[in-house]
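K.L.:
Spelled out, the chains give:
There are 2 protein chains.
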Amino acid sequence: MDQSGSMKRRMTTPPPSERSTLRRLPQRASYEEAVVHSILDEGIVAHVGVAVDGQPYVLPMVYGRVERDLYLHGASVSRLARQLALGVPVCVTVTLLDGLVLARSAFHHSVNYRSVVVLGTAVLVTDEAEKTRALEAITDHLLHGRWAEVRPPNAQEMKATSVLRLPLVETSAKVRTGPPRDDTEDLALDCWAGVLPLQLVARPPENAPELREGIPPPAYLPKTRAGQ
Amino acid sequence: MDQSGSMKRRMTTPPPSERSTLRRLPQRASYEEAVVHSILDEGIVAHVGVAVDGQPYVLPMVYGRVERDLYLHGASVSRLARQLALGVPVCVTVTLLDGLVLARSAFHHSVNYRSVVVLGTAVLVTDEAEKTRALEAITDHLLHGRWAEVRPPNAQEMKATSVLRLPLVETSAKVRTGPPRDDTEDLALDCWAGVLPLQLVARPPENAPELREGIPPPAYLPKTRAGQ
Chain R
3 MDQSGSMKRR MTTPPPSERS TLRRLPQRAS YEEAVVHSIL DEGIVAHVGV
53 AVDGQPYVLP MVYGRVERDL YLHGASVSRL ARQLALGVPV CVTVTLLDGL
103 VLARSAFHHS VNYRSVVVLG TAVLVTDEAE KTRALEAITD HLLHGRWAEV
153 RPPNAQEMKA TSVLRLPLVE TSAKVRTGPP RDDTEDLALD CWAGVLPLQL
203 VARPPENAPE LREGIPPPAY LPKTRAGQ
Chain X
3 MDQSGSMKRR MTTPPPSERS TLRRLPQRAS YEEAVVHSIL DEGIVAHVGV
53 AVDGQPYVLP MVYGRVERDL YLHGASVSRL ARQLALGVPV CVTVTLLDGL
103 VLARSAFHHS VNYRSVVVLG TAVLVTDEAE KTRALEAITD HLLHGRWAEV
153 RPPNAQEMKA TSVLRLPLVE TSAKVRTGPP RDDTEDLALD CWAGVLPLQL
203 VARPPENAPE LREGIPPPAY LPKTRAGQ
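Chains as they are written, first to last, in the numbering used here: chain R, 3 to 230; chain X, 3 to 230.
Treat the hints loosely; a few may be bogus.
Stated by the list, open to error - With the C-beta cut set under 8 angstroms, the calculated list includes, among others, these residues of chain X facing chain R:
1. I46
2. L88
3. C93
4. A108
5. V125
6. L126
7. H143
8. A150
9. L170
10. V171
Said to hold, decoys possible - Between beta-carbon pairs, the in silico distance windows are:
11. X:P219 x R:D43: 54 to 62 angstroms
12. R:D43 x X:D129: 20 to 28 angstroms
13. X:A190 x R:E35: 29 to 37 angstroms
14. R:P169 x X:I217: 46 to 54 angstroms
15. X:K225 x R:D192: 18 to 26 angstroms
16. X:E69 x R:D55: 36 to 44 angstroms
Quick caveat, the hints were computed from the structure, so don't treat them as lab data.
We treat Cβ as the ideally placed atom computed from N, Cα and C, and that holds for glycine.
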């Protein structure tokens, strides 16, 4: 694994726990809260891990953040939501993929990415006001401004939805940026090297088939990035 | 969680194990091997979960596939590689994000996605020929055609790299496609609904700073998708 080209940021707000301290490539680690939050805010899907009898399960979930809390939600009857509600250890990982790092040697190939790992124990949210705020955060995390326009959950929907809170205490970020860093003796090789940047872009919105006439896509949709 | 708009594909090659059978929204489940392989082949980063003393850890890793085996690699000295090499249960999840599903009700918001979950026990690859094939698969998974052009790993690099094989036996796929499906009574709301498609696109390649003059980006780089 390539150890170079990394952005070094290492601060201690909050200080990392022993088990959330990166041992490999510590120059890629960031404990700065602002970095952790910015990665979480840019991501859309988290990969949530729980272990059942030693077998880990990792499932994609949407999420939201309110200050120093991460919120997950799921159907109340789902296996994962029930498991999480038991108060088991959880790991929530969000990864943003920024590019392919194409070195002259196979060994130094890598990806540019920004990732956050959150360890902790999720807690079932039972307070209705907090639950509503969390669902607002999750909805607006998908698309900022959406909550204000849509029909909020009714009592039946609230009951059918479990919301879980995971404090952003044991967090770590890992970031790789920049070009490949080949061994000096490989620089003379007749092989292209560089980065292929990758970006998640929005395409033009597609109206729902039953959409009433005369309702345009909302202004808060991100501008389609095609062509930029 | 939204239960609609799903693509139903359910076949049994190989038959799912009890623990890899989806219980929630089974209409989103696919056990068809070709679907599992196509999702794995399109993904770039997997989220790999292992549990240590009941605490799950989920880390992003690149990977490769050779027929019915998934390969992971890491620095031999890394915690995760050493943990995996012990023969512990592992979960490898790959998720492709295809769009935001924007319903008229908060409750029916969702994402369009394709995901694969692989359960099993990874095995350390000790055969040098298989290890080389796996590294070729991982490199070409990043960018098809790359392996043939780059300097292959030397003995020291091979020693510094652990390769792990996870058989694609206990696999399941989950797919959501299509528009939001709101409750009938919400269709009259004065709220836009639809899908915002998302796509991971390549931007123009960036040459490494020390690139020798006269070496153009290779033809096997994907065409930049901007503007399409």
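K.L.:
Starting from the range 54 to 62 angstroms, see whether the pair P219 (chain X) and D43 (chain R) falls in it by beta-carbon distance.
P.N.:
Given about 33 angstroms between the Cβ atoms, the range is violated.
K.L.:
Hint validation: C93 (chain X) versus chain R, beta carbon distance must be below 8 angstroms. Holds or violated?
P.N.:
Since the shortest Cβ distance to chain R is 5 angstroms, the answer is holds.
K.L.:
Does H143 (chain X) pass the interface check with chain R, least Cβ-Cβ distance below 8 angstroms?
P.N.:
10 angstroms, violated
K.L.:
Kindly confirm whether 20 to 28 angstroms is satisfied by the beta carbon distance between D43 (chain R) and D129 (chain X).
P.N.:
45 angstroms, violated
K.L.:
Is the interface hint for V171 (chain X) satisfied, with its Cβ closer than 8 angstroms to some Cβ of chain R?
P.N.:
Check failed: Cβ of V171 (chain X) comes no nearer than 14 angstroms to chain R, outside 8 angstroms.
K.L.:
Starting from the range 46 to 54 angstroms, see whether the pair P169 (chain R) and I217 (chain X) falls in it by beta-carbon distance.
P.N.:
About 50 angstroms separates the Cβ atoms of P169 (chain R) and I217 (chain X), which means 46 to 54 angstroms holds.
K.L.:
Hint V125 (chain X) vs chain R: min CB-CB distance below 8 angstroms?
P.N.:
16 angstroms, violated
K.L.:
Within 36 to 44 angstroms or not, the Cβ separation of E69 (chain X) and D55 (chain R)?
P.N.:
Hint violated: Cβ distance 30 angstroms, outside 36 to 44 angstroms.
K.L.:
Once the shortest beta carbon distance from L88 (chain X) to chain R is found, is it less than 8 angstroms?
P.N.:
Where the cut-off is 8 angstroms and the nearest Cβ of chain R is about 12 angstroms from L88 (chain X), the hint is violated.
K.L.:
Tell me if the interface restraint on L126 (chain X) is satisfied: Cβ within less than 8 angstroms of some Cβ in chain R.
P.N.:
16 angstroms, violated
K.L.:
Is it true that A190 (chain X) and E35 (chain R) lie within 29 to 37 angstroms of each other by Cβ?
P.N.:
44 angstroms, violated
K.L.:
For the hint 18 to 26 angstroms, verify it against the beta carbon of K225 (chain X) and that of D192 (chain R).
P.N.:
23 angstroms, holds
The structure is inconsistent with the numbered hints 2, 5, 6, 7, 8, 9, 10, 11, 12, 13 and 16, although it conforms to all the rest.
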